[in-house]
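Chemist: These are the residues of each chain, in order.
2 protein chains.
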Amino acid sequence: MKNLLEGIEDVLLLGPGPSCVPQEVYDALSCKTLGHLDPYFMTIMDGIREMLKQVLKTENALTVPMSGTGSAGMEACFVNLIEPGDKVLILINGVFGMRMSDVAARLGANVDILEFAWGTPVLPEAVEKKIRENAYRIVAVVHAETSTGVMNPVAEIGKLFKGSGTLYLVDTVTSLGGIDVRMDDWGIDALYSGTQKCLSCPPGLAPLSFSERAVAKLNGRKTKVPNWYLDLSLIANYWGAKRVYHHTAPVNMLYGLYQALALLLEEGLEKAFQRHRKNHLALVGGLKELGMEMLVEEPWRLPMLNTVLIPADVDELSIRKRLRSEFRIEIGAGLGPLAGKIWRIGLMGHSSRQESVSRLLAALKILLPTT
Amino acid sequence: MKNLLEGIEDVLLLGPGPSCVPQEVYDALSCKTLGHLDPYFMTIMDGIREMLKQVLKTENALTVPMSGTGSAGMEACFVNLIEPGDKVLILINGVFGMRMSDVAARLGANVDILEFAWGTPVLPEAVEKKIRENAYRIVAVVHAETSTGVMNPVAEIGKLFKGSGTLYLVDTVTSLGGIDVRMDDWGIDALYSGTQKCLSCPPGLAPLSFSERAVAKLNGRKTKVPNWYLDLSLIANYWGAKRVYHHTAPVNMLYGLYQALALLLEEGLEKAFQRHRKNHLALVGGLKELGMEMLVEEPWRLPMLNTVLIPADVDELSIRKRLRSEFRIEIGAGLGPLAGKIWRIGLMGHSSRQESVSRLLAALKILLPTT
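As given, the protein sequences belong to chains X and Y, one line each in that order. Anchor point for the first sequence: position 206 equals 206 in my numbering, and the numbering is continuous, going up by one each time. Anchor point for the second sequence: position 259 equals 259 in my numbering, and the numbering is continuous, going up by one each time.
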């Protein structure tokens with residue numbers, strides 16, 4: 001039988017994730033597997049946790065990579081914190097806010113939503129009004145809305161919950177490693193992310209962190225977490241000093257994350273943010289020269305996820321297919337109401353390079369109809 | 001900062017999993033990452049599904065690797081099938097049966113358990129009596145109980161549910177690839193496994209398969225699956241013809257699974273089972289020569305997970321530590337009531353080799369006190 005792996009091409013990944021992976025991370029993935037209770041593997045786990053705390057700018061003891069992709073991180077945050085009937089407010093301006101609301105409702109939360117037009121940010125003043133009218137146990141928002149390319153004002157929203165009993169839950173799947181994330185300074189109580197965006201590691205793990213307030217809510221539950229696999233009270237005992245076996249950790253994926261975090265910290269967070277910003281500006285400038293406009297107003301544009309309006313005369317699917325087949329470049333389609341209207345161009349982590357921008361622009365110049 | 005990955009040793013993994021990984025699978029893990037909606041990646045997904053069906057001996061259309069470790073497979077089977085109040089019977093003779101009962105109870109099932117002494121198998125006649133007294137929506141059992149080394153009579157138990165409305169759920173985490181698993185012939189409706197045992201792939205994925213009856217129960221639910229991440233009605237649309245985006249699949253881990261399944265089918269399932277049996281017999285013979293006895297009676301012994309009684313004069317922890325530090329061999333400790341009483345010696349997948357047996361026996365000969 002033909003081995004399909006031999007046919008895998010080296011594709012420039014400029015979609016909404018996964019992003020390109022540096023060779024060092026590929027090498028890490030194929031280090032020899034150790035047991036999940038091996039003493040040396042424990043030192044690697046400790047290293048991952050310490051680096052994650054640096055990247056998240058948090059002192060939270062409960063900082064772990066969950067054994068699933070970014071959406072498992074979302075599921076984990078909600079399933080550990082929600083008890084049936086809890087009042088939860090979800091701020092929605094794209095697919096991932098909607099997903100949060102679906103996840104929370106399935107878990108028996110009493111969900112309110114506050115919606116904003118796709119392509120525009122969440123407005124803190126609207127949130128302030130809403131929380132004056134109702135007391136919420138949890139308010140949740142997406143930092144970088146991958147479906148629209150909008151950056152939400154996570155720091156400003158966080159200020160609204162100071163001194164209240166509300167837990168603040170933030171999705172940083174696409175933002176982490178590409179723009180600043182300050183978990184402690186911004187008053188975030190529960191945060192999850194993914195490895196396959198600006199951390200430049202293949203998909204498979206979801207970094208997660210809980211503040212002391214979030215841990216108190218978890219420990220004060222009247223009922224067991226209705227999800228054994230993602231129960232953080234058990235997982236904390238494996239990642240903590242006790243090292244109690246819970247499930248068999250995804251050892252090789254954790255090697256990859258270790259290496260990816262080490263590379264990011266070696267470059268330096270600020271330098272990585274600047275790199276994302278610089279390549280974003282170059283892309284936006286180049287797209288403008290090709291006569292294309294961005295979906296999102298300048299102040300709210302994400303540097304790592306660029307949403308560009310597709311000109312009326314363009315067959316978007318045909319161009320995406322040709323980018324992949326003729327130029328070995330992947331870009332992303334629009335989702336939901338934005339399907340057919342935008343492309344999503346990721347410049348995330350190792351994909352955020354000058355040559356990514358120039359290769360894509362050169363290809364688009366050839367493929368787009370001349371006017 | 002020191003890169004801890006450089007210090008990873010090549011350990012002979014003879015614990016209860018993960019097992020040793022062939023070089024081809026390591027190479028597969030580090031193939032270039034493709035997008036999770038990439039057309040070529042879709043062909044790899046199709047290849048994985050077809051090979052999984054062969055290994056499971058099933059025609060089930062809903063046969064997929066879940067994006068989590070083996071325990072995520074357990075969680076997925078129960079969360080998709082259980083609706084609150086459903087009567088569920090769990091057959092327990094070790095840690096993993098107990099875990100099933102915990103998982104099911106958290107999901108609101110009305111759980112009955114039927115217990116058997118650890119180290120002995122589930123008795124079909126006792127199950128038959130129990131199901132005559134009560135009607136169950138689901139009966140669940142572990143094929144290869146990794147905590148005790150016992151093989152449960154899964155085929156015989158399955159016959160009891162023929163023509164009934166009971167769904168039969170089986171854990172094949174440790175058995176798959178090492179002993180025969182015949183999903184369709186044995187009337188199994190829901191099955192999950194793990195990659196890090198006899199499939200010789202690092203931990204991180206959970207093969208899962210649902211019969212048409214199980215799919216009917218899923219589709220007939222009155223409420224949404226209370227776990228978005230593991231909702232098989234959504235995941236089926238990603239793995240099926242529609243290719244609807246659900247979550248970002250763990251692309252590189254799936255490359256590893258593809259390669260691991262290809263290697264297993266290349267060897268041939270029957271040959272793999274014979275290899276496991278042969279090396280098991282060699283190990284048992286060698287342990288006997290060293291004066292050690294097995295926990296489990298001969299007919300119920302698992303070939304891939306060997307539980308041996310620790311002689312009274314032996315400091316078990318010290319020997320396990322020396323095996324790891326001086327001989328680079330990992331073996332497993334006992335769990336629960338068997339802690340300190342047994343070792344668990346895995347000969348799973350790529351670890352089931354003649355040289356594994358001889359290297360371990362030679363080391364034990366040096367380390368065990370002479371009488």
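Treat the hints as calculated values from the structure; they're not laboratory data. Misleading hints may appear alongside valid ones.
If chains are identical, the list can't say which one is meant, so a pair holds when it fits in one copy or spans any two.
[As the list claims (entries may be wrong)] Here are the computed lysine to aspartate or glutamate pairs in the DMTMM-like style, where the Cα-Cα straight-line distance is at most 25 angstroms: (1) K129 x E316; (2) K162 x D46; (3) K159 x D86; (4) K32 x D86; (5) K365 x E289.
Chemist: Hint by hint, which ones does the structure fall short of?
Modeler: 1, 2, 4
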